[in-house]
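> Single-letter residue listing:
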Amino acid sequence: MGKRNIEILVGLFVLLGMLGLVFLALQAANLGRVGGGDTYKVQARFDNIGGLKQRAPVRSAGVLVGRVTGIALDTQTYQGLVTMEIERAFQFPKDSSAKILTAGVLGDQYVGLEPGGDDANLAPGDTIAQTQSAVVLENLIGQFMTGRADAAGAAPASAAETGK
Amino acid sequence: MEPLARLGAIALEQFRGWGHAAFFFLQMLRAVPASLRRFDLVVAQVHAIGNRSLVIILASGLAVGFVLALQMYYALVTYGAAENLGLIVNLSLVRELGPVVAALLFAGRAGTSLTAEIGLMKAGEQLAAMELMAVDPKSRVLAPRLIGGIVSMPILAILFSAVGILGAWVVAVLLIGVDAGNFWSIMQTGVDVWRDVGNGVVKAAVFGVLCTVVALYQGHETEATPEGVAYATTRTVVISSLWVLGMDFILTALMFSTP
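Those protein sequences? They're chains A and B, same order as listed.
Under the working numbering, think of the first position of the first sequence as 1, with each following residue one higher.
Under the working numbering, think of the first position of the second sequence as 1001, with each following residue one higher.
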């Protein structure tokens, strides 16, 4: 086989490798999706973040609008400080609220944003004031048990209340 | 006292071997710049090592993708989570199976041929003849093969994973009927380019260096007899495979220990 042919074949081989990498990066991984684009940061403090992890999705009305980029403990208030990056295309009113929700019964946890009614929008670096913590199953069961002990017979109602 | 001395002797012999191999590796590295000036030699080696391993790598990747998708489907469908199939297949291929299985195949397909080639060159005193003609066999023979292996291995691992994912797509979406949109989008949400794909490529590059160095070292150190070459070839496969499996555990622990 001529030298030229070998060079062409090796060129094809390397090109095939690059195509494979592009396929893995674009079609089979998250490059070119939320996280690589233009984003702004907002923070929120939660009493309990449950099982929220870095890179967890931030959704509004179920639509992916951003990702959790940092989780820390605020040592002043002993609350979980969650940093989120939200795509610049999605602007939210200043009094929007953040909840930690669970996808399905045993699914991953994510941050749900509910828009408020303020005219001004959240600016980069702002902190979301209204938050609702993750529902921790143990606490829920604990409340259910104590509620049951307190008022025998009224347990379903009290469970429904505390479960909210 | 005698068993203790024997243990010591074995350990010392091991260390001597490792030191010798490391020294051999460094000498080859020093010859790399010189061999890059004869770039056609490197291209020929990429062809011999990379291109010619392509068929076995692609066929194995496709088969692994098929089988993984089928088995995962049977397990996942009981939990109603068949859509997560793509994610599981992707992560297991990109992080572990792609680099490791490609490296094992690479050791079997390319490593053995390197060992046999160098071993026979040595047995035929071709390397010694080169030195007599003031041609450095390290930069003329060994270094181009080292570069060829290091270039080829990550490409082969990437193709293994890519073809495996396509195979899983064929089984899951085309044959079983898992929803194509969910298949890709759950995969895209769960797989990170740098953390998963990037680290997989780094792993493959490490395995490429390991397998090629082991193959060249075994060939270079072979006894100059037919049995010696046969023995060296066998040892190449065994030693590279063990190194790849051991190194994979260490790299996985380093790369993916944080959730």
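I should point out that these hints are in silico values taken from the structure, not numbers from a laboratory.
Warning: the hint list may mix true and false statements.
As the list claims (entries may be wrong) - These stretches of chain B come out as covered by chain A in the derived footprint (C-beta under 8 Å, 3 or more residues):
id: 1; segment: 1050 to 1063
id: 2; segment: 1126 to 1139
id: 3; segment: 1190 to 1197
C-beta: ideal position from N, C-alpha, C; glycine also.
> Could you tell me which of the numbered hints above are not met by this structure, giving the numbers in increasing order?
2
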